[in-house]
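Student: For the record, the sequence lines run as chains C and V.
With numbering that gives the first Met the number 0, letter number 243 in the first sequence gets 242, and the count goes up by one each step, no holes.
With numbering that gives the first Met the number 0, letter number 5 in the second sequence gets 4, and the count goes up by one each step, no holes.
Watch out, some of these pointers could steer you wrong.
To be verified - Facing chain C, a subset of chain V residues (Cβ under 8 angstroms, in silico):
no.	residue
1	Q54
2	V207
3	G242
As the list claims (entries may be wrong) - Cβ-to-Cβ under 8 angstroms is the rule here; a few derived chain V residues that face chain C:
no.	residue
4	F4
5	R15
6	D69
None of these hints come from the bench; they were simulated from the model.
All C-beta atoms in this analysis are idealised placements derived from N, C-alpha and C, irrespective of residue type, glycine included.
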Amino acid sequence: MAATEKELRLRDSQAAQRKDAEGVSGRPGDPANAIECRGVTKRYDSSKAGLRGATFTIRRGEFVFLVGPTGSGKSTLMRLLIKEFEPDEGKILVAGRDLGELSKKQLPFYRRNLGVVFQDFKLLSDRTVYENVAYALQVTGSSRSSIREKVPDILRLTGLATKLHHYPDQLSGGEQQRVSIARAFVNAPPLLLADEPTGNLDPETSIGIMQLLYRINRTGTTVLVATHDSTMVDRMRRRVLELAEGVIVRDEIGGRYAPTDMTTAEFGALLREPSPEPRRGDSPREPGDDFDEAFRD
Amino acid sequence: MNFGFFTREAFTSIARNAVPSFAALASVLVTLLVLGVFIPIVQATTGAANDVRGQVIVNVYMKSDATPADAQRVLAQVNKIDGVKSVQYVSKSAAYAKERRKNPEAYDLLGSNPLPDTLRVTPTNPDNALALVSAIQPQTPGGGRTTIDPSIDSVGSSKDNTEKILTATRVVKLTTGLLAALLIVASILLISNTIRLSVFSRRREIQVMKLVGATDGFIRWPFVLEAVILGALGAVLAVLLLGVMKVALVDPLVSDFALLSAPSTIGFGVLVAILLGAGIFVSAMGSAISLRRFLQV
Chain C
0 MAATEKELRL
10 RDSQAAQRKD
20 AEGVSGRPGD
30 PANAIECRGV
40 TKRYDSSKAG
50 LRGATFTIRR
60 GEFVFLVGPT
70 GSGKSTLMRL
80 LIKEFEPDEG
90 KILVAGRDLG
100 ELSKKQLPFY
110 RRNLGVVFQD
120 FKLLSDRTVY
130 ENVAYALQVT
140 GSSRSSIREK
150 VPDILRLTGL
160 ATKLHHYPDQ
170 LSGGEQQRVS
180 IARAFVNAPP
190 LLLADEPTGN
200 LDPETSIGIM
210 QLLYRINRTG
220 TTVLVATHDS
230 TMVDRMRRRV
240 LELAEGVIVR
250 DEIGGRYAPT
260 DMTTAEFGAL
270 LREPSPEPRR
280 GDSPREPGDD
290 FDEAFRD
Chain V
0 MNFGFFTREA
10 FTSIARNAVP
20 SFAALASVLV
30 TLLVLGVFIP
40 IVQATTGAAN
50 DVRGQVIVNV
60 YMKSDATPAD
70 AQRVLAQVNK
80 IDGVKSVQYV
90 SKSAAYAKER
100 RKNPEAYDLL
110 GSNPLPDTLR
120 VTPTNPDNAL
130 ALVSAIQPQT
140 PGGGRTTIDP
150 SIDSVGSSKD
160 NTEKILTATR
170 VVKLTTGLLA
180 ALLIVASILL
190 ISNTIRLSVF
200 SRRREIQVMK
210 LVGATDGFIR
220 WPFVLEAVIL
230 GALGAVLAVL
240 LLGVMKVALV
250 DPLVSDFALL
260 SAPSTIGFGV
270 LVAILLGAGI
280 FVSAMGSAIS
290 LRRFLQV
């Protein structure tokens, strides 16, 4: 990327201004913002920056792609969001709550409100599919009867009804990723983070995984997907945040993987296209119901 | 806390990780077996050494013309010296009667009684026997020896023998003590390292648990319980083997070897309790300590 840092900053602020003008971004600290990052900077020991002054807001119910080449800071941002470490500068608010104020004791309870999906699935290899998903519920102290009820449900919805008692090794990559999505979503978290969920999968399987994530989004869950799968991003035309060398260089609604010179008309048409409405909150329903509905259409 | 759940988790986890579990159990079993054999040996050896040291006494021989009154006077004087535990007066005739019983022909041949009145002085600490000799028989400025009472003929401590006994028993006691200490340290290191390895092989699992939102306690308890179960199992097996060895090998020999019947040897019940306690405690601590590192995510 030939752009100097100054140019990058300029584009960053322009993007933010445009967003504000569009009214996409809520007021700072608004709990309606699923994620709010303000000047988040994370440096690693090596002088190469992990993230530099990232500022953006993601509203509840949005589906956002986080794109950029390897080393651009996507994973750093994800790890900051699950509070694996702290930012050096800036603030991260999730659902209006400052992550920096979370104590070590509160951390597990915060993480129960996140669904997390990784490129390498991170399944417990010595547990069956059923046990892997059940663990996420056991952690929250769910009763055995509710586990027996919810786990087969979510596995059926993710298309794994016949593989309940298989071990992760016996599944294909796509199936393993479905298990990890089932585990991430079984608690019906308001926010789902996926770090390169299709990174290890072939294009056909990737489409299935993305559809699953999209359906989850349709139930009202905010979904943030870090990826460098350009075909997927171009196909889905959701909001795109682009990172380059730790700086947010693009924030585009209905964007493509690579920046395009759009005509004003095209851009306007994209804006008129309704973005998914946040549904969580107005009628608290069983996550299973939401999923069934999502599958019906 | 959901104790039932944690116990079930601990047992299933032992079944899932059969090989590292067996390694931990075996290391507990072997070290406790060695300790169980060694502790009584150390005790019997120390006991025997102490018996030998208890036999170190100082003989004060009276002159042949000393009267019983002289002997009583000396006895009172010797009793006043520091470090004297007891003084026993053995009269000429008593000594003669005793010795004659051992060797009647020789004493019949002698006709008269050549034995002097004797005071047998037992020091409180065998190490002070030689100091006691000097106290009863102080050195004169000229280099010769005098005695604290004119009626004393000589003071015998069989200096060479006393020194030999004292040095030998001291070496035996020090060596066994050192070996015992080394063995205990080695046991603790071996058990806790094996447990550490089994925890280390599951660090990924712990990381996943943390990401799903498990609290530290929720992760730790099954691990610690698992270690307790393995430690207890290993200790019980070690105790059973020791019991078999005691009944089959040691008990039939007790009548033949004074060392084995030494009364100061630890009771079998106490030994069992110590081994069980040590096995469980060291395993549980080893697991809790090694977990601490991996819980920092």
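Student: Now look at each hint and say whether the structure bears it out.
Tutor: Evaluation of the provided hints:
{"no.": "1", "hint": "Q54", "result": "64 angstroms, violated"}
{"no.": "2", "hint": "V207", "result": "5 angstroms, holds"}
{"no.": "3", "hint": "G242", "result": "36 angstroms, violated"}
{"no.": "4", "hint": "F4", "result": "7 angstroms, holds"}
{"no.": "5", "hint": "R15", "result": "4 angstroms, holds"}
{"no.": "6", "hint": "D69", "result": "84 angstroms, violated"}
Consistency note: the structure conflicts with the earlier hints numbered 1, 3, 6.
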